[in-house]
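Please work from the sequences and hints to get the whole structure.
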Amino acid sequence: MPSASTPQLLVALAAILPFLGSLVAVCLPGSARNAAAALAGGVMLVSLACIASLYPFIGDAPVTVGVDWLPTLGVRLILRLDGLAWLFAMLVLGIGALVVLYARYYMAAADPVPRLFCYFLAFVGAMLGIVLSGNLIQLVVFWELTSVVSFLLIGYWSDNASARDGARMALTVTAAGGLCLLVGMILIGRMVGSYDLDTVLTSGDAIRNSPLYLPALILVLAGALTKSAQFPFHIWLPRAMAAPTPISAYLHSATMVKAGIFLMIRLWPVLAGTEAWYWIVGGLGMATMLVGAWSAIFQHDLKGLLAYSTISHLGLITLLLGLDSPLAVVAAIFHVVNHATFKASLFMAAGIIDHETGTRDMRRLSGLWRAMPYTATLAMVAAAAMAGVPLLNGFLSKEMFLSEAVDNAGDHPLHLALPVLATVASAFTMLYSLRFICQTFFGPPPHDLPHSPHEPVRWMRIPIEALVLTCIAIGLVPNLTIGPVLAGAVRAVLGERTPDYSLAIWHGFNAPLAMSVAALVGGVALYFVFGQRINTNPRGGPWLMDRLDGGWLFEKTMTGLVRGARWLEGQLGTERLQPQLRILFLTALTVSLAAGAARGLDLTAPGTITPFDPAFALMWLVGAACAIGAAERAKYHRLSAAIFVGGAGLVSSLTFLWLSAPDLAVTQILVEIVTTVMLLLGLRWLPKRDAAIPVPASEEARGRRRRLIDLCIAGLVGFGLAGLAYAVMTRPAVDGISRWFVEEAYPQAGGRNVVNVLLVDFRAFDTLGEICVLGVVGLTVFALLRRFRPAPDSLERPAQQVRHDAYDHAREGREPGHTTADALLVPRVVTTWLFPFIVLLALHLFLRGHDLPGGGFAAGIAMTVAFMLQYMANGAEWVEERLRIQPISWIGAGMLIAALAGAGSWLFGRPYLTAFFTYWKPPVLGKVPVASALVFDLGIMVLVVGASALMLVALAHQSLRRTRAAEAEAEARADAEQTAAKEPA
Amino acid sequence: MEFVLSGGIGVFAASGVWLMLRPRTFQVVLGLSLLSYAVNLFIFAMGRLTVGAPPVLGAVPEIVSVDDPVPQALVLTALVIGFALTALFLVVLLAARGVTGSDHVDGREPHRAEPHPGNPHP
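One line per chain: the protein sequences are W and P, in this order.
At the far end of the first sequence sits residue 985, using my numbering, and the numbering has no gaps.
At the far end of the second sequence sits residue 122, using my numbering, and the numbering has no gaps.
Just so you know, these hints were derived from the structure itself, not from any lab.
You may find that some hints are simply not true.
Computed beta-carbon distance windows for the label pairs [stated by the list, open to error]:
#1 E632(W) x D106(P): 17 to 27 Å
#2 R848(W) x D106(P): 39 to 49 Å
#3 D106(P) x I186(W): 57 to 67 Å
#4 G283(W) x D106(P): 50 to 60 Å
#5 G560(W) x D106(P): 28 to 38 Å
#6 D106(P) x L960(W): 39 to 49 Å
Under the rule of at most 20 Å between Cα atoms (straight-line distance), these lysine to aspartate or glutamate pairs were calculated in the EDC-like manner [stated by the list, open to error]:
#7 K688(W) x E2(P)
#8 K635(W) x E2(P)
#9 K556(W) x E109(P)
#10 K556(W) x D106(P)
Looking from chain P toward chain W, a few residues come up when the C-beta cut is under 8 Å (computed) [stated by the list, open to error]:
#11 S15
#12 P23
#13 L32
#14 T50
#15 V66
#16 L79
#17 I81
#18 F83
#19 L88
#20 V92
Each residue gets a CB set at the ideal place from its N, CA and C atoms; glycine is no exception.
Now the structure itself:
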């Protein structure tokens, strides 16, 4: 990568800094309110400075910086700063900085403020990620990230049920939209052949003419319209008002809800200009604008009014984007800026009112002008901007909107409605703005408010002042303030199609002005006629639409989905293991039978048949008898069943030996030993079961039928597997990769035992994974048994021990335990002395592994057998007095040795786990191959010892624990008796 | 030989599947063991049967026709994992028995029988 230039570094810094800040904020203690606010403010200012300083660089070509992300899919992580991205980034960071200041004073000391700022900074990072994305997939990732952070922020006061519900609904709606968006982006990527934004933006015609255009458009719009709370997806936004007010001001009015608008502007050059775009975007925008404005009129909650007003204004912007006119795009971008400034300040004012009076209910508020004249003035200016009063910024963009509505009205009846409906919506806006101001600040002095109202602290007003000043500045001298920035953003979107437009306040007496005046006058008139009735409207629901509650529909749908899923689960699912296994086996059977039928399984294929050996057949007769015996005995005669299974294992081990697999034979027999011992250790804790336990008569017939079905399944599986095995074995071998392994084992790895070479050299990485599994299982067993609680009926001592002790008790000169200690004395001594020899055998197996049957696995299990025999012969206490095995350390050491043996090859600049070998000529032994794979194999051995010893020791210790538990219980009982004896005295 | 071995695999598998479908945990553990024997032998048999030619090269490592080492390596891995699986299952079984008081695979008895001395936890 060529070294990055300063602008590129600045973009990267601005984009990364919020995420870093978020990580730091996580680490702050919960009470560090000032530190968190200072951190967030600092981050915002630095990022803001970075982006602001880049203004001179975005003239012609965007500033881009990128790294490869998913090179195989052609996805690069690209930060791309052009005029539009610059405008949005400034909006995000500028308003963000003000919100930080506001939030510092808004949040109570008891709230976990660092958490708020942590989410806040993560949101800023994600939002910058969206606006700076130079890649469609990257944009979707940040898009979903904003949904997630928004969820966390809405649910910030998580003890509040409505906050939780609102958060869930917002996440459901916006994240579902995000998923649609992802699919839409992938479709666009397929149409264009690239996800790169620059490429996509130049492929407008290819996209619009593609058959995939309509599905892609609908999916992308599903993302954009849900995010920007467009009808009918707007329902989440009013409920998101449960978030702290600074968050509502920032995410749910100024920035996040603009992400959908941003996306539509960004893709306007490639997606717009078709009938479908006009009707979907324009139609939904219009509907949203009207529904939002109409609903806003009737809200009693200050934030609810502002939320519906936001929906309405977002609808207005969407409508502008839907009109196929470059001038409308200019108006849309302009209104985004204006709306962000006046609406954020109104939210902050509402937050101050809430903060200082304790309520946001307009029916209770009144006459606050007296208590907080300064805040009231600021709010009034902002509300006037919202209503589109001249000399404020809202007026300018509203004029542009009305003029677009007039210009785009055609002869179609619906087109004719456009200017009329635009005027009506403007009148509604005037009406609710007026209501907001009059209800809150004028009228008689308020009574019985939770707090007596007064002006907020100075610092809390500064953000509002800054925003209101911006509104006035843009409104008075638009060309000096917003003009150049807007021009840059428009040029970035429209390029050569940039129209001539004028930001002047006075355009002469024309239709838009007349509509504007009509809307203002109409709004005032409506307020005076209906204001009182609206204020006393008990439910606060909009007239005509009172019954049409989107939230209720949403809840119903969600409950319906959950119920449906439960019903389906009840019908199709089961928690019981046996039906699940039956389904599993039957499915496997059906699928394999179908596959066999489709391909025509021929059992008489020509091939080589190994000559029949009667001894082999006899051995398998025994094996089959063992297996069937185990199956028959397992219910009531567990010990004999375990022995039968051992017999079956022995036969399979002998089969391996017979059929040229000595490594398998050795490993199998050792594993068999250890498994059997484990089963025997476990038997102790199982409940008694004998045939005498009666089964209810009703169960008898069902049980018989079930067993018959199971027998059929088992028989079919057996026949199928046998047939398949026979069919494969009698076919000539396929020339696969095996030949290569056999030929290269010695030249490349210096080992003669090909299986071992495969495990520790050619496929060592697989083996590394496998020993990890083994270690994890060992630890899991250990963890499970630490909290083991034997069933009460297994607590008694074994019958044999009880008998021994009774015998000792009856004889003179014998203490209880003597007989048990004497039992099997000779085998015990022998076993004790066997210890060094078995260890030696294990080492032998290990050392010869590379060239002869053996290896780390077999050696490890042999070593475990050595330990295990000591436990069996002498008991856990005796062994642990003499021999401290620390299986967990063994597991760790084995893991380390294996991993480091692999890492050793890095020293020689080779890939991980590259084996190395040479010959070493010590004086007596002659030529000895030395391979690094041996070290790896050592790791395997050590780990196998650790894991299997851990399991066995953990199981063996259970009986000790039982003794201890019994002793403790006896002691407690004795204590209780003593106290009881003392008490009467 | 092929016939014998495939028949043996079939019997092992059938016994294993039968046991896995039983309601008691110990039966399922044994069934799992038997089924893994069958599957291991099956995988091993995919390399065809060879008598007396293990994939271990002689002192002079010349290339001779030997048994297929790849299925063997696979089965060796499977053996060790199978061991771990059996151990884990056994311990889960014991823990479940301790917690629920039942050794039924679902952790509770299928039908509420009257408590009696041989079966205090119906």
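Now for the hints, and whether the structure bears them out:
Between E632(W) and D106(P), the C-beta spacing of about 23 Å keeps the proposed range 17 to 27 Å intact. The supplied range of 39 to 49 Å is met by R848(W) and D106(P), whose beta-carbon atoms lie about 48 Å from each other. Evaluation of the 57 to 67 Å hint for D106(P) and I186(W) yields a failure: the beta carbon distance comes to about 43 Å. Separation of G283(W) from D106(P) is about 55 Å and conforms to the stated range, judged on CB atoms against 50 to 60 Å.
Taking the beta carbon of each, G560(W) and D106(P) are about 30 Å apart, inside 28 to 38 Å as hinted. Under the hint 39 to 49 Å, the C-beta atoms of D106(P) and L960(W), about 31 Å apart, miss the expected range. For the hint pairing K688(W) with E2(P), the CA-to-CA distance comes to about 42 Å; that exceeds 20 Å, so the pair is violated. Taking the CA atoms of K635(W) and E2(P), the gap is near 32 Å; set against the 20 Å cutoff, the hint is violated.
For the suggested pair K556(W) and E109(P), the alpha carbons sit about 38 Å apart, so the restraint of at most 20 Å is broken. Simply put, K556(W) and D106(P) have alpha-carbon atoms about 35 Å apart, too far for the 20 Å limit, and the pair is violated. With a cut of 8 Å, the hint placing S15(P) at the interface with chain W holds, because the nearest CB-to-CB distance is about 4 Å. A cut of 8 Å between beta carbons decides the hint on P23(P): the least distance to chain W is about 6 Å, and the hint holds.
Of the supplied interface hints, the one on L32(P) is violated, with its beta-carbon coming no nearer than about 10 Å to a beta-carbon of chain W, more than 8 Å. Taking 8 Å as the C-beta cut-off, the interface hint given for T50(P) holds, the closest approach to chain W being about 5 Å. Because the smallest distance between the Cβ of V66(P) and any Cβ of chain W comes to about 6 Å, under 8 Å, the interface hint for this residue holds. Hint status for L79(P) relative to chain W: holds, with the closest Cβ pair at about 5 Å, below 8 Å.
Evaluation of the I81(P) hint against chain W yields a held restraint, the C-beta minimum of about 6 Å falling below 8 Å. Among the interface hints, the one on F83(P) holds; its C-beta lies about 5 Å from the nearest C-beta in chain W, closer than the 8 Å criterion. About 5 Å separates the beta-carbon of L88(P) from the nearest beta-carbon of chain W, less than 8 Å, and the hint is met. Taken as an interface hint, V92(P) checks out: its beta carbon lies about 7 Å from the nearest beta carbon of chain W, inside 8 Å.
The structure does not agree with the numbered hints 3, 6, 7, 8, 9, 10, 13 stated previously, though it agrees with the rest.
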